[in-house]
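Going down the list, the sequences are from chains W and S.
Everything in the first sequence is counted per this note's numbering, starting at 42 for the first residue and increasing by one.
Everything in the second sequence is counted per this note's numbering, starting at 42 for the first residue and increasing by one.
Don't take each hint at face value.
If several chains are the same, the list does not tell them apart, and a pair holds so long as it fits within one copy or across any two.
[To be verified] Mimicking DMTMM-like on lysine to aspartate or glutamate, the simulated pairs with C-alpha atoms at most 25 Å apart in a straight line are: (1) K487 / E140; (2) K312 / D289; (3) K487 / D44; (4) K133 / D503; (5) K82 / D294; (6) K487 / D453.
Since the hints were made in silico from the structure, they are not lab data.
There are 2 protein chains.
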Amino acid sequence: MRDITSLLHRITQRISINLREQHFDIHPYVERTIPLSQMIKFYAFYGITPHHPLNFHFSHSSLAGSYFLGKCSVDHSILYKSDIRGDELKHKGDIFPFENASITVHEDEAIDVRDSFLIKTLVHNFSHDPESLENFFIHDTLAMHYANIHGSPTEGCFMEPFSTVDLTTQHDCVIGRFSYIQVGEMSHLKIPAGTIWIRKPGAFNFLYRFPQHILDRYILYDPISGPPRGIFMDFLEARKADFKRVFDVMHIDPSIKIPAGASLDRYAVVKPKVQIGENVLVAQRSYLENCWMGKGANAQENCYIINSRLEGYDVTAHGAKLIHSMLDRNVFVGFNSFIRGQMDHPVRIGKGCIVMPHTIIDTPAGITIPDDHLVWGIIESEADLPHHSMAIEQFSRISEGLMVRDMMFEGDGAAFVHAFRHRIEHILEANGAYFDGIHNQGHAQKNRFIAFNTIQPYPDGDRMGMYPTIDIRP
Amino acid sequence: MRDITSLLHRITQRISINLREQHFDIHPYVERTIPLSQMIKFYAFYGITPHHPLNFHFSHSSLAGSYFLGKCSVDHSILYKSDIRGDELKHKGDIFPFENASITVHEDEAIDVRDSFLIKTLVHNFSHDPESLENFFIHDTLAMHYANIHGSPTEGCFMEPFSTVDLTTQHDCVIGRFSYIQVGEMSHLKIPAGTIWIRKPGAFNFLYRFPQHILDRYILYDPISGPPRGIFMDFLEARKADFKRVFDVMHIDPSIKIPAGASLDRYAVVKPKVQIGENVLVAQRSYLENCWMGKGANAQENCYIINSRLEGYDVTAHGAKLIHSMLDRNVFVGFNSFIRGQMDHPVRIGKGCIVMPHTIIDTPAGITIPDDHLVWGIIESEADLPHHSMAIEQFSRISEGLMVRDMMFEGDGAAFVHAFRHRIEHILEANGAYFDGIHNQGHAQKNRFIAFNTIQPYPDGDRMGMYPTIDIRP
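Based on the sequences and whatever the hints tell you, model everything.
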C-alpha cells in the first residue's frame, strides 16, 4: 500500500497548507478515520446510460465503494463510498442567469475532484458559481462521513460529518459537524458545529445554531476518540448489513413492482411492505422499509424511510431520515433532517410544510406539525414547536427581522419563503414528479435504465488499493 | 440496437471480402447464430493485477460476457463470452529466437482485435509470427463457439466451432469444425472438418482426419439448422447453469481451501469433492467436480474435470474435458480433447502420455493407455488403440514416415516428439507447476490475486448493446 499511503500524505499536506490561517491541524482527522485497508474491500461503480453525458477520467486515485455518473474526473484523490453525481451538470450552450446577466456556458461542465479525500460524501448538482460555470471543482478538500457538497465548488476545505454546503463556493473553510451553509460564496471561515446559515445578500439572512449539548447526542466527533458517534451513526450502523446484499449481487431483480414512470435504483435497499407510486424516485443508497411512497414523492441518496407514509409530491432530500412519520402532500424535508416518531405516536407533518435542512424532530410522544409551516432546529415535544416553527404565511410577513430562541432572521421573509418554494418546485420537476407519460421527464424516468460498471483497485503490490488510470467516453 | 446491427453488417461484409476466393458465404453464419438481444445480458470483465501489463482500449464494440487480461485493444468488433488473455505477451526488449536469428522486440506486444466477431473464443499466448512480433492481430475474422486462437495472428478467417489454430499465422482461411492446425503460416486454405495438421517445414508433417460420420456425432454445424449441436454441445449445455452463480455474485468466497502456491480462479465452477494440490492452476471458465488435482496439475480455460484423478504435473489444455478419467503423472491432454470413461469403467492414461490436441477417447467399457504413449484421433474401444496410439519411444524412431488408418506422418518422429515434450515442459513451467516457494513462479502463483472490473453496455437507445469507449492504463 505504498502508493496510497503517500497519496494520503500528499492530500493531507495540501489541505493543511490551505487551512494554515485557521491554525487547523488536519492530520489526526485524516490519519485516524478510515484504515487504508478498507480501500481494497469495495468496488467503485459508474453508470452508463444514453440519457446522461458519459465522460469519466480517473487517475492516481483510490475510489473504494464510490459511485459516478455523468462527466467527472478524479485525480490524486481518495474517495471512500462517495457519490459523484454529474447528471445535472450544465451543457455547452446553456444559459446561466446571474443577477442581471445571462452567461452562456462555453463547454460541457465537468466535476473535477483533485487532491481530495471524500468519505461517504455526496457531490451533486452543478456549479452555481458564475466565476466557474464549466468546472465544478473540489480541490484540496477533506469531507468526512455523510457530508453534502451540493452545487458548491470547494477548495481547501475541511467538512465535518453530516455537514452540508449548498449552492455556495467555499475557499479555505472549516465546516462543523451537522452545519448547513447556503450563502453563495465564502472564504476563510470556520463554521461552528450545528450552524444553519442561509443568506442571500440584500434579501435575507437566516441563522440558527443547535444547542451544543443536544447536538452532541446526535453527532459527536473528535479524531482522538475514533470515528464519529451518536444517534445518527448508531442508526446507520444498525442498517449497514442490509446494503451488503445489494452490493454483492451483479444483477438484482427488483423485489417489488413499480409503475412505468417511477424508478427504483438497484443500489437501494427495499425491505418488506414498500409501496411505490407513480413518478416516484428512489435513489441509490436509500433505504425503504414498510412505507408508502405516494405519487411524485422521492427518496434521495442516503435517505431512510421507515414505517412512514408520504402522501405525494413530498421531497426527502439527501440524507434525510423519516421513522414513524406521516407526511401529507407537498412536504419538503431538507438535507440530513432526522424525523423520528414512535409506532403509536408518529410525527405528522401537514401539507405544504417546509422542514428546513438539518432539522431534528425526535419525539417519544409524537407530534403534529400543522399545514403550511416552516420548521427548523430541534423539536423534542409540543413545547418546542412555538420556538422552532412558524406558519409560512406568517413568516412571509416578516419585513425587518425576527429572533426566536436560537434562530435569528434578518430581511425579507417573503423572499426567503419564495426562494424555498421555488426550489422545491424545481426539485419535484427535476425528479420527474410531474411526468404525464410524455412530457416532464425527470430523474424518475431517466434513471430507469442504468447499467453499472464496476471497477476494482490493484489487489496487491505497491499499488494495492490504487485504481488504474481509466478514461471512458461515449 | 441500431448501432450494433450496423456493426455486425460491417464485420460480415469485411470477412466476405477477405474470403471471396473461397466463394464462402459468411452471412448465414453471422446472422443466425447469436441473437443480438443476448449482447445486453452479460457483463464483460477485465483483470487488474500488478503482475500483468495493464493497457486496455475498447471502442465501437460489443463485449458481452468477455474477459480481458493484459494489453489489448478491441475496435469495431463483437466479442461474445470470449477470453482475450494478454498475460503472455512479449515485452519490449525481449529476444525472439527465429531460426538462426534473434529478433529484439521493440515495444510491448498487444492483442489487437478489429472488425471481428468472436463467439466463446479463446485468444491466448503471443504472436509467434516473426513478421509481427509486437502485434498479435485478429482482424476481419469470425470465430465460432469454442474456437481457440492460440498464438496465431489471424486475418480474414472463418473458424468453425471447436476449431483451433495454434502458433500459426493465418490469412483468408476457413477452418472446419474441430480441426486443429499448427503449421507456422498459411493462407487461402479451406481446412475440412476434423483435420489435425501439425507441420514443421523440413522436419515433420502430421495429418489426421476424423471420419465424418463419427465427427458428426460430437459436433455438427450448419447455419440453416441453427446453433452447433452434438455431444460436445449437449455436454456443455447440461452444465451451463452452474456458471450462473459464479458470474452473478460480485465477491465470491472460495468454497474449498487451496495451498498457498495454487490458484483457483473466481470464475471457475467448483462442485463438491474437489481437491487442489500445490502449484495447481485452475483457470476461469473451468469446471471441477469430484476430482483430485495433484501437485502441479492444471485445468485451463473451458476445461471440465469430472469424477477424475490427475496424479500430478498433468496438463489439461484449453477446452479439454476429462470425465471418469485417471491420469498418471505427467500426462498431457491437448486442446479440446474429450476423454470420457464410465463410473465403473474409467479411462486410465499412463504416465508420460501425450494425448494429441482434439483427441476423442469415449468408451463405455473403459480403457487403459499404457505409459509413454502418443494418442490421437478417436478411440471408442481397445480395438481402436493400435491405430490411434503408439509408444512414444517407437514413434521417435520414425525416420521416413508412417501411415496408420486415417493418420499420416512424414519426416522425423524424434523431432516431432521432442517438439511436443519441449512444449509440455514449457507449459508446466509457465503455469507455475515447479514453484518451490521462491523460484519458478508461474500463472498458478501470479493469478492468485486478480481484481476483476466489470463493464456493461448501453442499456437502451440506439447504442443498446454497444460499450462506451474505454481506455485503461496503469
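Which earlier hints can't be squared with this structure?
1 and 6
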